[in-house]
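Go ahead and model the full structure; you've got the sequences and the hints to work with.
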Amino acid sequence: MSPQPPPLQDTETPLTIDDLLARYLLLLDQYTALRTTLSAHSSSLFLNLARSRFSAQRGAGAGGHPFGPDNYDMRMQAGRKVRVRPSASSAAEPGPWTGHGGEEGVVFEVVSPEVSRNSEKDGDGQTEADDDAGEHTSDEQPQADGDDIKPAGKLPIPSNDPLRWFGILTPAPLREAQKDAVEMVEDVIPRLASLDAEMVAIELAVRRARKRRGKGEIAARKAEVEQERAEVIAGEGGVAVGC
Amino acid sequence: MSSHADNKDRQFLAVIGDEDSVTGLLLAGIGHVTPPPDSQKNFLVVDSKTDTATIEEAFQRFTTERKDIGIVLINQHIADRIRHRVDTYTAAFPALLEIPSKDHPYDPEKDSVLRRVRRLFGE
Numbered sequence: 001m002s003p004q005p006p007p008l009q010d011t012e013t014p015l016t017i018d019d020l021l022a023r024y025l026l027l028l029d030q031y032t033a034l035r036t037t038l039s040a041h042s043s044s045l046f047l048n049l050a051r052s053r054f055s056a057q058r059g060a061g062a063g064g065h066p067f068g069p070d071n072y073d074m075r076m077q078a079g080r081k082v083r084v085r086p087s088a089s090s091a092a093e094p095g096p097w098t099g100h101g102g103e104e105g106v107v108f109e110v111v112s113p114e115v116s117r118n119s120e121k122d123g124d125g126q127t128e129a130d131d132d133a134g135e136h137t138s139d140e141q142p143q144a145d146g147d148d149i150k151p152a153g154k155l156p157i158p159s160n161d162p163l164r165w166f167g168i169l170t171p172a173p174l175r176e177a178q179k180d181a182v183e184m185v186e187d188v189i190p191r192l193a194s195l196d197a198e199m200v201a202i203e204l205a206v207r208r209a210r211k212r213r214g215k216g217e218i219a220a221r222k223a224e225v226e227q228e229r230a231e232v233i234a235g236e237g238g239v240a241v242g243c
Numbered sequence: 001m002s003s004h005a006d007n008k009d010r011q012f013l014a015v016i017g018d019e020d021s022v023t024g025l026l027l028a029g030i031g032h033v034t035p036p037p038d039s040q041k042n043f044l045v046v047d048s049k050t051d052t053a054t055i056e057e058a059f060q061r062f063t064t065e066r067k068d069i070g071i072v073l074i075n076q077h078i079a080d081r082i083r084h085r086v087d088t089y090t091a092a093f094p095a096l097l098e099i100p101s102k103d104h105p106y107d108p109e110k111d112s113v114l115r116r117v118r119r120l121f122g123e
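Sequence lines, in order, name chains A and B. Counting in UniProt numbering, the first sequence runs from 1 upward without gaps. Counting in UniProt numbering, the second sequence runs from 1 upward without gaps.
No lab work stands behind these hints, which were simulated from the structure alone. Values in this document were obtained by computation on a predicted structure and should not be read as measured data. For every residue, glycine included, the Cβ atom is placed at its ideal position computed from N, Cα and C. There are no misleading hints in this set.
Derived DSSO-like pairs (lysine-lysine); straight-line CA-CA distance at most 30 Å: (1) B:Lys8 / B:Lys67; (2) B:Lys110 / A:Lys179; (3) B:Lys102 / B:Lys41; (4) A:Lys179 / B:Lys102; (5) A:Lys222 / A:Lys211; (6) B:Lys8 / B:Lys41; (7) A:Lys179 / B:Lys67; (8) B:Lys102 / B:Lys49; (9) B:Lys110 / B:Lys41; (10) B:Lys67 / B:Lys110; (11) A:Lys179 / B:Lys41; (12) A:Lys211 / B:Lys110; (13) B:Lys49 / B:Lys67; (14) B:Lys49 / B:Lys110; (15) B:Lys67 / B:Lys41; (16) A:Lys179 / B:Lys8.
Taking CB as the label site, the calculated pair distances span: (17) A:Asn71 / B:Pro35: 16 to 26 Å; (18) B:Arg118 / A:Asn71: 38 to 48 Å; (19) B:Arg118 / A:Gly68: 31 to 41 Å; (20) B:Arg119 / A:Gly237: 48 to 58 Å; (21) B:Glu57 / A:Val225: 48 to 58 Å; (22) B:His104 / A:Leu204: 24 to 34 Å; (23) B:Lys8 / A:Gly216: 39 to 49 Å; (24) A:Gly68 / B:Arg119: 37 to 47 Å; (25) A:Ala223 / B:His84: 39 to 49 Å.
Written out as structure tokens, the structure reads:
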């Protein structure tokens with residue numbers, strides 16, 4: 001586990017380029033570590049999908065479940081949603097993916113509507129997501145299991161668990177694939193997105209600081225030249241008076 | 001820069017990927033189809049027959065036209081097909097992430113974030 005970088009100070013004194021780059025490198029370290037995690041989850045996901053196809057073909061003969069786009073329920077509603085919040089609000093829990101207190105810092109989260117509704121209601125920041133997508137209900141929809149509950153004049157409510165698109169008896173590897181996907185979507189991907197946002201903000205800050213430093217150097221050089229010129233003029237004046 | 005209120009509406013993930021990547025991510029419950037008559041999907045399944053114009057169009061739709069997308073995921077090998085668009089994408093929202101696919105593992109050399117890092121350090 002890589003060390004957590006300290007959150008950047010939100011003081012009036014501008015951070016030096018070295019401070020910014022040090023933080024940037026820590027974020028980069030976390031980014032590459034998360035990339036490795038994402039690759040591991042992806043590999044596991046693809047392996048489990050291949051296994052589930054294999055087991056379905058063995059069980060159902062040539063007409064087995066392909067687990068592909070043909071089976072998608074085109075009435076699908078998102079069971080996991082993105083939440084964007086300013087990083088300043090997370091000052092109490094500074095983490096590797098929080099911004100540096102400026103307005104541009106944002107944190108991405110992916111939550112199920114259940115979690116987001118609870119946290120909005122309680123305001124206690126409950127973040128524990130239920131890994132089993134089958135137990136989620138959407139904000140807009142009543143419980144899918146209640147077949148007798150139908151909105152007036154609408155199509156039947158689709159199940160909110162994507163596993164059900166592929167039948168009732170889904171193979172175990174497909175459920176494992178779903179777990180991998182949930183982990184990617186709820187944990188790794190939002191953290192990568194937040195890190196990327198903060199890295200962009202620091203890149204901008206570094207470029208601005210470099211520009212300022214460049215301008216400062218030019219001004220200092222000009223002042224030096226002016227001073228030298230003044231000294232030369234003063235020296236010439238002294239020689240003329242001496243003659 | 002867009003305000004926080006605007007960003008509150010960005011609640012969906014979008015994905016442009018091969019069949020397995022899209023199926024996997026939809027299993028996590030990110031898939032969303034808007035009500036008819038629009039019926040806009042937040043995913044595009046790309047196969048060998050999908051032309052680059054279709055991918056570019058989906059990228060444009062997810063990143064520019066739709067205001068309800070918070071994160072766009074794209075397979076790295078598909079991002080390569082529209083690399084000029086991906087590398088010149090600088091907007092803060094939606095966030096853009098390249099993800100590995102079954103046949104094309106993640107290549108850090110092509111990652112647009114790591115390209116930016118190299119630029120910052122003057123390589």
